[in-house]
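Chains as they are written, first to last, in my numbering: chain V, -5 to 511; chain G, 6 to 74.
Just so you know, the hints here were simulated from the structure itself, not pulled from any lab data. Keep in mind it's a predicted model, so treat the numbers as computed, not measured.
Where chain V lies over chain G, by a calculated footprint (3+ residues, C-beta under 8 Å):
(1) 22 to 33
(2) 40 to 49
(3) 59 to 66
Cβ coordinates follow ideal geometry from the N, Cα and C atoms, glycine included.
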Amino acid sequence: MQFAMNLSGIDLFIVIGYLIAIPAFGFYFKKYVKTEADFFLAGKMMPWWVISFSIIGTNIGAYDYMGAAGGAYRFGIAQANYEWLGAIPAIVLSAILFVPFYWKAGVYTVPEFLGKRYNSAVRVIEAVLWGTFLACVLGVFFWASGMMLEEYVGIPLEVALLITAVIVGLYTVTGGLAAVAMTDVVQLLIMFIGGIALTTLGLWQVGGWEGLVDKIFAVNPSSDHFKLFLPLDNPEYPWLGMILGLAIVLSPAWWCCHQAIIQRTLGARSEWDAKAGMLFAAFPKMFIPVLVVLPGLLTLAMNPHLVGTGMEDKAFPWLIKSLLPAGLAGLVFAAFIAALISSVDSTLNSAATLWTVDIYKRYFKKEAPDKHYLFVGRILTVVFIVWAIIFAPITNKFEGIYIAMQSLLSIFQGPTFAITLLGIYWKRATQWGGLGGLIGGVMISGTLFILDKTGVNSMSFLYIAWWSFVGSILLNVVISLLTKPEPAEKLVGLVYGFVRKDETTQDILEKRANGGK
Amino acid sequence: MKQWLLELPLVWAVIITIIGYLGMIVWICSRPQKYIYAGSPDQKKWRDLRLWSVLLMIIQIVIYVMLGI
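Turn these sequences into a full structure, and let the hints steer you where they fit.
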């Protein structure tokens, strides 16, 4: 089945105009970048609303449009759990419990925080895991971008990859986090305008919500498409796995520990802006199912024949192609590209931050002038762009790479969340408890993952995440109780209950968060 | 999987979810005012992040009651 969208002249005008305007807008922020903190943390000047929009722009990628619409096409509104139960409580938890500690610690990265709370071994393991993950994901994002431009606009793949690199590279290399965050704001607005236009037209076409329900039940009267929770024997979305694995482990791990998400709050102008920025992100997040889940259901109602390997993931492009008139198709397609680019730029900036701060600065050149790290950050951003261009075609040769990357993420997410949670909430957690919890947790999830892949003991990745989290917590607690407690002065500002004791301590923490100024 | 778990009606998933949301409301409301407003230029009511959080949780509860049961 061919899905080339045959964009009309006006559509192409909108898409090309968008592709020129975004880097131009991002490039404007170059003039604000003078130091390392300006580049990696936007000079710690970001207000809460920019942080919110940038977080959601980073979170929603083109894969979400394709994958979530495809998931809704197959399983129905249960897919929305990833945006509601699998996000909102975790965002609240992150904003109220985690973000204030990261911000007050004055760190650039989550591994840096864990290094302060536990030890440098924990920091290095986390930095290498996240750094590798982000670098590999960049290749996948570039490939998806190139494919999309080739398939829907008709640009040759190699040229499409270069266009992506130039567009994203121009403002990410020069403007750093400020440029990334501000372009994310614009891109999120485009995503919402495009997405709402698509779903409104779709609902009108099928006769509103009731028409949508009637049409889907007409195809399959025993359909589960309007059930938020699916039975335990469902292979992908069992309800207990959604609650234990997604809501309690994977989602908080993503929202509380993911570098690309947290980095935005570290650039906040105040602790309150950091918290409010994260919290307010939950409001647009709640509407994401309207943009990505509803299109899947609309496509099912209009075309129930997209069945077969990967065909469901064509639900979103099919809807754009079939439903939208000239002009609107360009706008929605621009929204689609916006989702991709806003994820690419954030990943790029976060990968450069991790490798500069946690690896280069820690192990290669400790005491260099500020400008030197700014230079290294920019060079590494270019290196990652080149790497992504080279790595992108490889992701196509080995289909399992993206899945392998996702599996790698789910293997260390549970233990990462476990040690971060205990590190912030339990003063008795020691450096050895943290290290043991991290390594032990990764070993547990790795073992369960291998058992699942070899068919010895099949287990959903949601349950693997849950058990690795539980195992990591237990190991951290047991080892911590068997080892010497950390001195109180090491814990100030890093652990709940060790912050608001007196005003002097608070002043020190505020100064630390603002780089000692 | 234990048979009793498999036979549990799906409405229990919604009930557990709503209990979780209610628990979060209690937890958020118990955060000290000073902690919530830390770093804020003033103490205006709209800056009280507990209110934002409670609003979010209530919207979630309504969604899960309407679509889940």
